[in-house]
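*Asks:* In order, the protein sequences belong to chains D and A. According to my numbering, the first sequence is numbered sequentially starting from 1230. According to my numbering, the second sequence is numbered sequentially starting from 18.
No wet-lab data here; the hints were simulated from the structure. Computed from a predicted structure; not experimentally measured. The C-beta atom is built at its ideal place from N, Cα and C for all residues, glycine as well. Keep in mind that the hints are not guaranteed to be accurate.
[Claimed, not checked] Taking beta-carbon pairs under 7 Å as the criterion, some of the chain A residues facing chain D (in silico):
| # | residue |
| --- | --- |
| 1 | 53 |
| 2 | 176 |
| 3 | 253 |
| 4 | 308 |
[As the list claims (entries may be wrong)] Straight-line Cα separation of at most 35 Å, DSBU-like style, residue types lysine-lysine; simulated pairs:
| # | chain 1 | residue 1 | chain 2 | residue 2 |
| --- | --- | --- | --- | --- |
| 5 | D | 1385 | D | 1303 |
| 6 | D | 1385 | D | 1363 |
| 7 | A | 210 | D | 1303 |
| 8 | D | 1303 | A | 154 |
| 9 | D | 1363 | D | 1433 |
| 10 | A | 154 | A | 210 |
Here is what each chain is made of, one letter per residue.
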Amino acid sequence: MWSLIVRWRGLALVAVAIVVTLWLAVTNQLILYIHPRYVVFTAIMAVIALALLIASLVVRHGHDHDEVPTRTQKVVTVVGAVLTLLLAAAMIIVPPATLSSATAIQRDINSPTIGAASQTVAGTSSASNATFAKFTVVDWSSLLRQTSDPAFYAGKPADITGFVTADSNDPANLFFVTRFVITCCAVDAQPVGVPVYLPDWKQKFSADKWLHITGGFAADPSTKSSEQIALVPSAVTLIAKPSQPYLF
Amino acid sequence: MPLLRERGARGREDEHRHGIRDGGPPRRRTRWLAFGVAGIVLLFVLRAVTSRASIPLPNQVQDFLTLTISVIIESLPFVILGILLSIVVQLWVPDDLFVRALPKTPMLRRLAISVLGVLLPVCECGNVPLARGLIVKGLTVAESMTFLLAAPIVNPITIITTAQAFGWTNGILIARLAGGFLIANLVGWLFAKHSNQFGLLTDRFAAECRVPVRDAGSRLEDRWKKSVDLFVHEAGSILPALFLGAVAAGLVQVVVPRQVLVTLGSNPVWSILAMMVLAFVISVCSNVDAFFILPFATTFLPGSIVSFLVFGPLIDIKMLALMRTTFRARVLLQLTIIVALAAALVGLVVNFVA
Chain D
1230 MWSLIVRWRG LALVAVAIVV TLWLAVTNQL ILYIHPRYVV FTAIMAVIAL ALLIASLVVR
1290 HGHDHDEVPT RTQKVVTVVG AVLTLLLAAA MIIVPPATLS SATAIQRDIN SPTIGAASQT
1350 VAGTSSASNA TFAKFTVVDW SSLLRQTSDP AFYAGKPADI TGFVTADSND PANLFFVTRF
1410 VITCCAVDAQ PVGVPVYLPD WKQKFSADKW LHITGGFAAD PSTKSSEQIA LVPSAVTLIA
1470 KPSQPYLF
Chain A
18 MPLLRERGAR GREDEHRHGI RDGGPPRRRT RWLAFGVAGI VLLFVLRAVT SRASIPLPNQ
78 VQDFLTLTIS VIIESLPFVI LGILLSIVVQ LWVPDDLFVR ALPKTPMLRR LAISVLGVLL
138 PVCECGNVPL ARGLIVKGLT VAESMTFLLA APIVNPITII TTAQAFGWTN GILIARLAGG
198 FLIANLVGWL FAKHSNQFGL LTDRFAAECR VPVRDAGSRL EDRWKKSVDL FVHEAGSILP
258 ALFLGAVAAG LVQVVVPRQV LVTLGSNPVW SILAMMVLAF VISVCSNVDA FFILPFATTF
318 LPGSIVSFLV FGPLIDIKML ALMRTTFRAR VLLQLTIIVA LAAALVGLVV NFVA
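Can you build the whole structure from these sequences, using the hints too?
*Replies:* Right, dumping it as structure tokens:
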């Protein structure tokens, strides 16, 4: 009886993990959890596992070692089983989601540890406006870390997409248009953001909403925030979450 | 119904004698197949239907779920690959190949085992089932521990990704390889001194090792059946541990601010400890951790980066949960302390030299 419970819990978890992985692969949502370079490998392995799982239903199983567990072992196993089955249920029922602004704040937007600059001041000095309009949140934030000279940004158009994370020092007037950058999987996601100055922005939208913003950079008018340069938007549009919310 | 139950009991007896039962009469087998396939289809349907629903969860809870699922999905293919290789080692490779091909002297034997990862390139989560397979196949527990600790680092994929991130000539790759190799052999040497090798294992796994049920039959069909059976058995043992490890890793990430670790980064001693704690918490695979840590290379001292790259693949939350399927808790505690001290030492040496 006991080994039967343990076995069925194992089988249920295997089935859930495989089904969720394959469903995410088919609906092109694996990238919400892992870097695109692992998608094919992950999908192939899940298909192999599914084939073996179904084959095992035909073969039926061999001998499980029916040792009699002690009381504590039983308690630990039952607690573990409840926890893992709850997680399995959540994996099947809760719709897949991207990381939210809570994690962005917890992980510190634009922390100085974010790596090599994607754009350099010297490299972009002669770039055209069309080039700047293609810059992502990551490109701009790497420039913002290098120079806070308003003259450098004058006349350069910004056209960026990201979700809203409130600034911690001046949450009423300043927010970050944020993206997570992923090197391997969502576990290592680093939040990157461009500060946007828009007084009373909370009247128009809330944190975590996805925005498309155009505008230009200027010295940050906010006195409370620690940002020196901020984006002053000329147009802000609420958009749906993009199918590829992370940057890689 | 009583008739069925009786047949079930008989089935268990058969199973005792033969290791595998053939599933009784075909009708019953078909029923199981239909039942199982229906269950899997139901899961797919449920997942597809509920994906449109919106379940309002607080941000922290939602992110905890996302991070936990991310750990599971990232590890799953490597775990499956590890189990497949373990099946090959246990059932498809001649019994004495590994045992005979290795040198007889214990020290040389462990040295040879620690470069086995070059032939069996899986990262650490896949190594747990593989190491279990090697114990079943006749390696001592200390020897399989050497494999478990060396293979995630001394392995072509890890070497290539580390080189991509840090370059071939940079000391970090060399320090990582040397550190992993030395620690694996140190641990193997220490645990080999243990007189009762099976005493290091959990009762459940030790019992499985004593019963030679896995000797592959001569018939090809038997061998396939046993492979399938072994896959389900190993996946059923490893996945609950993976789920629990992922829950712990996800929870810690939501609760502990990343910044706490990062601010410790510039002190030669604290940075090493901070990096090791980060490695312990983040639980990413050794095949990819070099990419993860690369952004930190500008602010952290090189020794602490090496400590991260040496400690992380060997010990982290997810790995401890996975290894608990095989080793006793006391053994894991000793292992963690030894590896942590050794990894810190490697980091200090690199900081001192650099």
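*Asks:* Does each hint hold? Answer for all of them.
*Replies:* Structure-based check of all given hints:
Given hint, residue 53 of chain A at the interface with chain D, holds; its Cβ is 4 Å from that chain's nearest Cβ, closer than 7 Å. A hinted interface residue such as residue 176 of chain A counts as satisfied when its beta carbon comes closer than 7 Å to some beta carbon of chain D; here the least separation is about 17 Å, so the hint is violated. Checking residue 253 of chain A against chain D by beta carbon gives a least distance of about 2 Å; that is within 7 Å, so the hint holds. Contact between residue 308 of chain A and chain D, as hinted, is supported at the beta carbon level, the nearest pair being about 4 Å apart and thus within 7 Å.
A hinted pair counts as satisfied when its Cα atoms are at most 35 Å apart, and residue 1385 of chain D with residue 1303 of chain D does not qualify at roughly 65 Å. A hinted pair counts as satisfied when its Cα atoms are at most 35 Å apart, and residue 1385 of chain D with residue 1363 of chain D qualifies at roughly 11 Å. Of the supplied pair hints, the one linking residue 210 of chain A and residue 1303 of chain D holds, its CA atoms being roughly 32 Å apart against a limit of 35 Å. Taking the CA atoms of residue 1303 of chain D and residue 154 of chain A, the gap is near 29 Å; set against the 35 Å cutoff, the hint holds.
Distance hint between residue 1363 of chain D and residue 1433 of chain D is fulfilled; the C-alpha atoms sit about 26 Å from each other, no more than 35 Å. Restraint check for residue 154 of chain A and residue 210 of chain A: the C-alpha separation of about 21 Å stays at or below 35 Å, so the hint holds.
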